[in-house]
Amino acid sequence: MLTVAFLSYVPPEPSPLPEPPPHAVRVRARVAAVAVPYREVFLRLKVMLMAERTLSYCEDVKGGG
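Residue numbers for the sequence shown follow UniProt numbering, so the first one is 1 and each next one is one higher.
Do not rely on the hints blindly, as some may be mistaken.
Taking CB as the label site, the calculated pair distances span [as the list claims (entries may be wrong)]: (1) Tyr57 / Ala32: 35 to 43 Å; (2) Val47 / Val27: 29 to 37 Å; (3) Pro22 / Ser56: 50 to 58 Å.
Pairs of lysine to any residue, SDA-like flavour, derived with a Cα cap of 20 Å [unchecked claim]: (4) Lys46 / Val36; (5) Lys62 / Met50; (6) Lys62 / Ala51; (7) Lys46 / Cys58; (8) Lys46 / Tyr57; (9) Lys46 / Ser56.
Since the hints were derived computationally from the structure, they do not count as laboratory data. Glycine residues also receive a C-beta, built at the ideal position from the N, C-alpha and C atoms.
From just these sequences and the hints, can you work out the full model?
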C-alpha cells in the first residue's frame, strides 16, 4: 500500500514564473479591449430589439382594443 502511494505521488514541478508572463497579460488585455465594444454593440442591439418588441406590442394592443 505504501509503495503504491509513494510511486503514484509525483512532486509538483516548481514553476519558473510565479506570475504570468507579460505576453499573456498583453494578450488578455487585447482580448478584453476587443470584447468590450462587441458587448456594447450586443447590448444596444438587445435594447433596440426590446424596444421594437414593446412598440409592436403596444400597437397590437391599441389596434386590437
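Hints versus structure:
Against the hinted window of 35 to 43 Å, the Cβ-Cβ separation of Tyr57 and Ala32 comes to about 37 Å, which satisfies the hint. The hint said 29 to 37 Å for the Cβ distance between Val47 and Val27, and at roughly 31 Å that hint holds. Distance hint for Pro22 and Ser56: a CB-CB separation of about 51 Å, consistent with the stated range 50 to 58 Å. With a CA separation close to 15 Å, the supplied pair Lys46 and Val36 stays within the 20 Å bound.
Taking the CA atoms of Lys62 and Met50, the gap is near 18 Å; set against the 20 Å cutoff, the hint holds. Taking the CA atoms of Lys62 and Ala51, the gap is near 16 Å; set against the 20 Å cutoff, the hint holds. A distance of roughly 18 Å separates the Cα atoms of Lys46 and Cys58; the hinted pair therefore holds under the 20 Å criterion. Simply put, Lys46 and Tyr57 have alpha-carbon atoms about 16 Å apart, close enough for the 20 Å limit, and the pair holds.
For the suggested pair Lys46 and Ser56, the alpha carbons sit about 15 Å apart, so the restraint of at most 20 Å is met.
The structure agrees with every numbered hint stated previously.
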